[in-house]
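All chains, please: the whole structure from these sequences, using the hints.
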Amino acid sequence: MARSTIQEKLSGNSTLTLSQVLSLVEALAEHAMDNDMPLPSQEISRDVWRDRVSASFKTESEASTRSPEKESGNFSGIDWDTKPLEQAEMADLVNLIRGAQRRPVSTWLPRLLQEVMEAGMEIDHFLKQAAEDSIPGVIQTLKELEDEFPYLAATDNPWGGDDRNPDNLKTVDSLLQFTVERHGLAASPAVIVGLRRSGLTHHVERYLELTGTYFHPENILSISEHLISAILTKDSMQLFHSIGKHRPVQRIPQVLQVLRGAGKILAAKKLLQSIGDTNTWRIERTIEELENSGAPDEVLRDLALGIPHEKHDDYIAHFSTSRHENFSKMILDVRDNHPLF
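Quick note, in my numbering, the sequence shown goes up one by one and the last residue is 341.
In short, the hints are calculated from the structure, not lab data. Fair warning: there could be bad hints in the mix.
Derived DSBU-like pairs: lysine-lysine, alpha-carbon spacing no greater than 30 Å straight-line [unchecked claim]:
1. K128 - K234
2. K143 - K245
3. K311 - K264
4. K264 - K170
5. K264 - K234
6. K143 - K83
7. K128 - K245
Between beta-carbon pairs, the in silico distance windows are [what the hints assert, rightly or not]:
8. I78 - E298: 20 to 28 Å
9. E43 - H125: 34 to 42 Å
10. D81 - L39: 37 to 45 Å
11. D81 - D297: 24 to 32 Å
We put the beta carbon where it would ideally sit given N, CA and C, even for glycine.
This is the structure in structure tokens:
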């Protein structure tokens, strides 16, 4: 855990999760050994601390259940479905959810997911419900999940490099997907700003990628306008860049038609040029889709403008031997008459 996270936990501003408790115990045990003051074995036993934390969770749950505040309603407004847990006879987790109705989701969901994952159960059922929370609530839950399941996995890889934690993909990335589906159309500016202000900037690009691949063209135009209204113009352009890179090629012509019809020529150019910066397979498939939809030559030319200068010769050779010889000539013209590209 980062020092700021430890300080936040110890100050009582947020709840320690099981894995965080075990990490602290391990760190304290190592510190004691380094100072020739070893702690008793039962005080550093993972099993002992697991039981203690579980007992603490149960006590919190029971206290919250007895609290008269529960009568005033659900803190997050989410009607949690606990049927899978009931079917699996996981009464402790059912009680955890019922007892946490007046508490922020972020304070207990990481703990729940840890237990559910250890049981070999799927967690999307709970993440989809968590996405029903308010934007601030979802952002705080994402932050706590990031602490519980760090973005990068600890690795002993002698070759170095970054290894994405698969549990982070299962939790944070999945909740991000459900957040796009639930809040993306109306509140993308709030989500993006919330991610950045919570130290989760590295997930913004992924959020825009998910947005660009999920929504219908008319909704994408609306989301772009929301971003521009919130003076997030760069994010609006990044949205179209992501569409060019990741949206299925058969769904790209419709987006371009909507953009050009709305006079968003710069956005359409950004999308096309980002396709040019991918690979010959994606470019070729896109050309076929554009030609089938009756796109004018100027659209294909914008695509050619996105091809990196160092790839011009290879791409000219590739497309001159395919049935897209006309596109090869466009690349040649860009190479000879637009040296900046």
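Here is what the structure says about each hint:
1. K128 - K234: 29 Å, holds
2. K143 - K245: It holds: about 27 Å lies between the C-alpha atoms, which stays within 30 Å.
3. K311 - K264: 28 Å, holds
4. K264 - K170: Measuring from Cα to Cα gives roughly 36 Å; hence the hint is violated.
5. K264 - K234: Roughly 15 Å separates the two Cα atoms, so the pair holds.
6. K143 - K83: 27 Å, holds
7. K128 - K245: Roughly 26 Å separates the two Cα atoms, so the pair holds.
8. I78 - E298: 20 to 28 Å: 49 Å, violated
9. E43 - H125: 34 to 42 Å: Holds, at about 37 Å.
10. D81 - L39: 37 to 45 Å: Since the Cβ atoms of D81 and L39 sit about 42 Å apart, the hinted range of 37 to 45 Å holds.
11. D81 - D297: 24 to 32 Å: With Cβ atoms ~54 Å apart, the hint is violated.
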